[in-house]
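**Student:** Spelled out, the chains give:
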Amino acid sequence: MADLLDLTVAEAAAKIAAGEISADEYGAAWRAAAAGDELNAYLWTADGADALETDWNGDGESAPAGEGDATPYGSNAPAPAASGPLAGIPIAIKDIFTTQGIPTTAGSRILEGYRPPYTASAVRRLTAAGAHVLGKTNMDEFAMGSSNENSAYGPVLNPWDRGRVPGGSSGGSAAAVAGGLAPAALGTDTGGSIRQPASLCGIVGLKPTYGAISRFGMIAFASSLDQCGPFTRDVTDAALLLGVLQGKDPLDSTSVGIEGGIALPTREDLAGLRFGVPRELGEATLDAGVRAVFEATVARIEELGGQIVEITLPHAEHGISAYYVIAPAEASSNLARFDGVRYGLREAGDEDLIEMYERTRSEGFGAEVKRRIMLGTYALSSGYYDAYYGQAQKVRTRIAQDFDTAFAEVDFVITPTSPSVAFGLGAKTDDPLAMYLNDFFTVPMSLAGIPAIALPAGLAAPEDGGAGAPQLPVGFQIAAPAFAEQKLLDAAHALEGALGFAAAVGDALPWKGGARA
Amino acid sequence: MPDTALEAVIGLEIHVQLSTRTKMFCGCELSFGDDPNVHTCPICLAHPGVLPVPNEEAIRYALKIGMALGCEIAPRSIFHRKNYFYPDNPKAYQISQYDIPICGAGKLGDIRITRAHLEEDAAKSIHLGDSGRIHGSGASLVDFNRGGTPLVEIVTEPDLRGAAEAAEWARLLRETVRQLGVSDVNMEEGSLRVDANVSVRPAGSTELGTKTELKNMNSFRFLQRGIEAELERQRELLGAGGTVEQETLHFDPASGELTSLRSKEEAHDYRYFPEPDLVAIAPTEALLAEARDSLPELPAARTARYEAELGLDEAQARLLAGDPEQAGYFEAVVAAVGEGAEPRVVANWVTGELTAALRASEDAERPEPGVLADLIGAVASKQVSHAGGKQVLAILVADRDADVAEVVEREGLAQMGGDDGELAGIVAAAIAGDPAAAEQIRSGNGKAIGAIVGAVMRETGGRADGGEVNRLIREQLGL
Amino acid sequence: MAVDAAGRGPPRIVPVIDREQVLHVARLSRLRLDDDEVETMAGELSGILEHVDRIRGLDLEGVEPTSHVVHLENVLRADVPWQSMPPAVALAAAPEPFDGAFRVPSPQADAD
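Protein chains in written order, with this note's numbering: chain A, 1 to 517; chain B, 1001 to 1479; chain C, 2001 to 2112.
Derived by calculation from the structure, the hints in this document are not laboratory data. None of these values were measured; they are calculated from a predicted model. Careful, some of the hints might be misleading.
[Said to hold, decoys possible] Partial chain C-side listing against chain A, Cβ under 7 Å, derived:
#, residue
1, 2048
2, 2055
3, 2062
4, 2069
Virtual Cβ for every residue (Gly too), placed ideally from N, Cα, C.
Using the sequences and the accompanying hints, generate a full structural model.
**Tutor:** Printed below as a string of structure tokens:
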């Protein structure tokens, strides 16, 4: 059985299509693995099979999952297609995506027990390609967090060291893939919520260009920044999933898709490609081990024929400030719909409407969500809009211009993904600002809307670990111009091959049979 | 004492529900009077994760309204979110337009339009009444069928100077929007809602006084009465040395009273910001041309043309222009009559005699324009008397195949002239039959002539020309 | 930022958010905070705002704000009805369904 779970998605899909392995056996093996979750990575698994009956028209049939459906929901929940590039592949879905009849909480108490009447477009694209929903993964409440400690359903543990965080906000998805509980997972990234947990868990995480994948059915945190993307063990699987997920969706006005689609990458060298290293990195606060891995990776790029060029991103240092105005501002509006009227939690307050609102929201939302709602409301409120929100949007323009200038010179911009390796549970929960600074390297790309991939590049000892602490994965980030995903994946594939991360770690990889046992 | 030297300054805010097939941002059908919550989907119930996509037809309708009101069309406009909590506002923000509306400054009649923008309607709450709890203010039920209906909000400059003028202008606006075919404009059903901003100031002043906002006036009559009541209140208040407080007032048509809608909540802070889920609207040349080409001749323009080109008086012109179907018929009759009668005479027949004849019977139908033209021509050339013409018309509206000449012949309604002596004989007999009246006429009582005329008309079955009868009576009495 | 007619510049904004402001923002957000939470929130928000305040000093006069990185226009939907949800589905998740509708406590009466 372990053999089946060692296959990458691309390998398994090929073997299923060729009839070399049984889709049923493969699916059952993954459902059993997911059911054995000890990381608190899942909030719901298909093994429990408690999906709500959603047979609206009473014909007992599941609706065929088609692309480009006119309505956001069938009369029945979509069923996986029998064939397609992902036929028979179970995929873990971050609990921020709506799934018809299947509990969807976004990690919040306010949605406890909520079963949506429709399925997210990204999930429909997966099922239309033959994939199955393996489970719904734990996350920071409404995707607000960098450690997954803000979930109303308990923190997720890092499979490399269960005393440490997996990163966030898509911590459950990252831990599920890294921990051998799913072959691949769907996450969302607003300021780093795919790249940072991928980095802390030693797997590949891709944040595509804003607009590449539909946001319909992704519970909104910051609408102008949120983007869906895959967690996979390798770059090829990331390309395979992106190819299925990308596309214009009539239900999302801001979706564009990627022209020409995505082919599986085969490139093995970096000759002729220019990689920009921001000059500002020199002054950045960064763990020594992380810096060492970054420098070794830069050397590897040069060995592969890539050229390293110093660039400058003068406004990137203001990324966190702009982000922590824009994202909370949009969130304060997006989360206002959780009011106890139409779905979700309602705390009694029968005497008065305002009391009902306040009790429902105060008891339904956790501390971090309340903090960001307050911050965002403040930034948008009368008298402060220009000073905060207006100014942050201008900083955003400047950051995007910095990238434009850089991309006139180079093909990619490279940075570490996160300033440190995975930190201990509880280490930063009392200092929201310290937690926010985790996103220092990932936020600028989010503000510019450009694609970026996090690759596991090596191991480093945690600085808070003491002697003999196990080494932990370090991520490497490559960013590319908008919609240059194909080029990004090709380069990442070449670098991945040269780094040989998985081969070097070998059986110590948490998803390998040995570690799982 | 109300200070009548204070001039009224009134601006209107009009919400027009568009009569598209579906809602502004989702594909649920629009309806009126259906069971609650049968036209809802995850989008208009604001389930987590949903996104809006604008209705193309609503954009077209908004452009038509903007063009009809002479507004500048924004080359690029965006949507904003207006944030506030209320059960009928499911996202807790309304998608509206803020600093860049789709239609900018314009004018209808003499009144300047500030803007016209697109937004979505709220759902409907029905108050259940007191629940009987100690602190209970009862409960409400929310029905989301209406939620998300496309709206165009039209805002005027404070150019109106009286309640009657405001109501009359609002009627013109309604008629204009109705003729565009973009809304039912039914005030009772709420597809047209008019709020008024009312203030007063010393006549001749250019500064604006503190205004109040009047809501819930669901007919033009109530609009006028509400504004009248508020003007009187403000004039009295200021006359007594008081000051007007800026507030929202609710008009109760039953009592005619205005009550303040002051709530315990803090002042509104809507925290407008650009809606990140939507992209800009930049009307293409094709879209603009399509809207422009589909504009009918609107009431204000038609009224002006009837006055200038056809010589109609203003009241008559406006009456016709207010009903484009009738106006079209009128123009067809004018064309068919040609030189046979003045357009003013045709207008009198169409809006007067014909309307009355149609009202007389349920089965009555308008005659072909050529047929009515024949009749009007016959009356104008005195072949048929006016009274006889009305009798012919009664037959024409009942029988679409009838021919004017044939009806006149069959019914013996050809006008009696004075030439053949027949009418003179009937007049002589009538004078002889009422010597008392004849004596009174001779002694100077002109009114007594009516009795003799009546007798002649009875005798001729209305075929005689009234003027000719009068002339013959006077002639025969030697006056 | 524009200077108004009276010649005043933009209002100087004290970055540190005080107790009253916290309560005001909480009311706007429909959140109820107890006394301890108000204190904690005031401290935490002040810390974040001090950091965020760095961007307020930047000279960005004339820079266009970016509210969106997608440069699309006129993404519209044809006016064609789709199938709405059966009312039972619409009300399935409602905390208090009542007679085919969503029941809520009434807003406070308008009168004081």
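**Student:** Please go over all the hints and tell whether each is borne out by the structure.
**Tutor:** We went through each hint and held it up to the structure:
Taken as an interface hint, residue 2048 of chain C checks out: its beta carbon lies about 6 Å from the nearest beta carbon of chain A, inside 7 Å. Interface hint at residue 2055 of chain C: satisfied, since its Cβ lies 5 Å from the closest Cβ of chain A, which is below the 7 Å cut-off. Hint status for residue 2062 of chain C relative to chain A: violated, with the closest Cβ pair at about 9 Å, above 7 Å. A cut of 7 Å between beta carbons decides the hint on residue 2069 of chain C: the least distance to chain A is about 3 Å, and the hint holds.
In summary, the one numbered hint that this structure violates is 3.
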